Amino acid sequence: MKILTANRLMDGEAVWLAADHSWAETIAHADVATNADAEARMEAIGAQGIAANLVVDVNFVDVELIDGKAVPIRLRERIRAAGPTIRRDLGKQAAHGAESAA
Amino acid sequence: MYRYDEFDHAFVAERVAEFRDQAERRLAGELTEDQFKPLRLMNGVYLQLHAYMLRIAIPYGTLSSKQLRMLAHIARTYDKGYGHFTTRQNIQFNWPALKDIPVILEELASVEMHAIQTSGNCIRNVTADHFAGAAVDETADPRPYAEILRQWSSVHPEFSYLPRKFKIAVTGAEHDRAAIQTHDIGLHVKKDGDGKLGFAVYVGGGQGRTPMVAKRIRDFLPEEDLLTYTTAIMRVYNLHGRRDNKYKARIKILVHETGTEELTRQVEAEFAALKLSGEELKLPDADIRAIENYFAPPALAERAEGWASVVAERKADAGFDAWLRRNVHEHRHPDYASVTISLKGIGEVPGDATDAQMNAIADLAERFAFDEIRVSHEQNLILPHVARADLKAVYDALVAIGLHTPNAGLVTDIIACPGLDYCALANARSISVAQEISTRFGAQERQEEIGDLKIKISGCINACGHHHVGHIGILGVEKKGTELYQITLGGSADENTSIGQIVGRGFTAEEITDAIETVVETYLANRADKTEDFLAAYRRLGAAPFKEALYGTEARAA
Ligand code: HEM
Ligand code: SF4
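Protein sequence lines, in the order shown, are assigned to chains A and B. For reference, each letter of the first sequence is one residue, going 1 to 102 in this note's numbering. For reference, each letter of the second sequence is one residue, going 1001 to 1558 in this note's numbering.
Source of the hints: derived by calculation from the structure; they are not laboratory data. The structure presented is a predicted model; accordingly, all values stated were derived computationally and were not measured. Hints are not guaranteed to be accurate.
[As the list claims (entries may be wrong)] The calculated lysine-lysine pairs, modelled on DSSO-like cross-linking and capped at a C-alpha distance of 30 Å, are: (1) B:Lys1275 - B:Lys1191; (2) A:Lys69 - B:Lys1480; (3) B:Lys1479 - A:Lys69; (4) B:Lys1246 - B:Lys1165; (5) B:Lys1215 - B:Lys1196.
[Stated by the list, open to error] The following residues of chain B were derived to be distant from chain A, with all beta-carbon distances above 10 Å: (6) Arg1015; (7) Leu1041; (8) Val1103; (9) Ala1428; (10) Ala1443; (11) Glu1478.
Idealized CB from N, CA, C, for every residue including glycine.
Can you build the whole structure from these sequences, using the hints too?
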């Protein structure tokens, strides 16, 4: 199971590809690919995002479903989704609260 | 301090304008990321986990109050109210938006600062002893030479596309506080038998995945030959350094694979050839002295009253007394001292300072320290020249902003890289580990009982946190999706540089602080006496008692 992530070009903000093809600021809105077709589709939208200079550094992230939520397997991606663990007052965890929790 | 001349101003202004144009074209979609990335990196702009990161050079770690206030202003206006001082005497901002970076660079240029050559395969910010110009054990201030190297290496056409990044450090003192033997080139300013100034030259030190201690290839290089000899080293490296494999591209690998003797021969041959050719860059004495003038020590008036006042003040204030013991260092002028402002409050993030703290320190430097601040590679700030009579006032002001922790050189004075909390390359967190260890050992009495002990933590093998040369080093790795920490023991980055040895299997995030405590307790139980510090004890005892303490019982139980 995978989600597609990137950083927004203008400000570097970590973003995730949402089901409506927009780039969401929180992982809670990430679209989850459960098969190769979905992955291919998302990859194509990611490439469009790069071509349109909306995002950079587009990558798939492996996730598992926990309580219906897509949670990245790697700590790295969980920290990216929430913000620094050592500064809970910064990053998405501060701006978006539970939506950023991974 | 060094002041930009017209050339410097024009050069930096041109670069800022160029970057503004590049960033605008990128945002307008006229440049692709592949085209833009090398351009932004040349200006210190990285992309990290959460955002862009801007690395600003602080040449040889020297700042004026005005410059520090500008950093505070940038932190407040364009970032999230703080900056991170690094082991390379630079500062990093973790949250700037790309669209704001051109104006940040413009603001920086107005105080003679920039972010050029803080990334990429070029000669990076030249670092120096943070007590330069103040230390009692100094032969000469290393900063004029660092400045000469900075000017020479800035957009040097021949050395802007090296096989890999290149780092130079200079010390002017016998006791090496600049870690010169862990650098690509390390220079030790010294005098020859006739009292002439020159350098011992070290080459091929480095950390990263293949840590190496630099080799001394010249016992004495006359001052005037600094640039010619450095050019010779760079040429040999540029020609023979590997470009096929970035993990083998640093000069340390070339030195290792070529052999010190043969490499020295090649450098000396190139040096001799340069001298014969018209390309020699012999430094005229007048030019060196002119640069030196920029770094002339401030006029230090006699302030002998401080000797008596400090005695009374320390009696009345135990906190001040502890701070004097740890954070105040002998100065070449007996009425003065150098002060370490610890950015390592107990349980805090090593190296971070808020905008308010930066402003307050800038004020302090202006009032009490001749307008000078230094950044140490140990991620602290330094006031190099403070009259003893003013120490109490400085201390009280630091208490007011929470930066009076009396722990310089102690177990809680930890170097830590940004690690997985910020860094895109990280395998594990490092700051959180530093905070936990700091909290565990935070009691002042216990710290002082343990004595001098350097813990250094990196979140991956790139070793930005200097773990290889920590008395206790901690390296974060990723194992099956979780963080694991390896301990190395016996590293050191001074004049007796050594690379720490891995002690055994790693520890989880939950276990690592206990493991460090076990190591420290083992030292305390085995040291000859209180004067034998951790490193000396380790060098005498070897790893065996530490391994036994960490793994012995577990091994027997299994
Ligand atoms: C946050 C973004 C950073 C990135 C992407 C980064 C990247 C790297 C890489 C790839 C290396 C290994 C170079 C090699 O072995 O050839 C390295 C080494 C190093 N970095 Fe960083 N680093 C970062 C932050 C820092 C910070 C915050 C500091 C200072 C605290 C720092 C100081 C150093 C030092 C001292 C070394 C080892 C010395 C050497 O070059 O051998 N870096 N870095
Ligand atoms: S050591 Fe690794 S984790 Fe730490 S800052 Fe350097 S690259 Fe990042």
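Hint by hint, here is what the structure shows:
At roughly 22 Å between alpha-carbon atoms, Lys1275 of chain B and Lys1191 of chain B fall within 30 Å of each other, so this suggested pair holds. Taken as a hint, the Lys69 of chain A and Lys1480 of chain B pair is honoured in the structure, with Cα atoms around 21 Å apart against an allowance of 30 Å. For the suggested pair Lys1479 of chain B and Lys69 of chain A, the alpha carbons sit about 24 Å apart, so the restraint of at most 30 Å is met. Taking the CA atoms of Lys1246 of chain B and Lys1165 of chain B, the gap is near 10 Å; set against the 30 Å cutoff, the hint holds.
With a C-alpha separation of about 23 Å, the suggested pair Lys1215 of chain B and Lys1196 of chain B falls inside the 30 Å cut-off, and the hint holds. Every beta carbon of chain A lies more than 10 Å from that of Arg1015 of chain B, the smallest distance being close to 21 Å; the non-interface claim holds. Every CB of chain A is more than 10 Å from the CB of Leu1041 of chain B (nearest about 13 Å), matching its label as outside the interface. Listed as outside the interface, Val1103 of chain B is consistent with that label: its C-beta sits roughly 14 Å from the nearest C-beta of chain A, beyond the 10 Å cut-off.
A cut-off of 10 Å between C-beta atoms contradicts the statement that Ala1428 of chain B is not in contact with chain A; the least separation is 8 Å. For Ala1443 of chain B, the non-interface assignment is confirmed: its Cβ lies about 22 Å from the closest Cβ of chain A, beyond the 10 Å cut-off. For Glu1478 of chain B, the shortest C-beta to C-beta distance to chain A comes to about 8 Å, within the 10 Å cut-off, and the non-interface label is violated.
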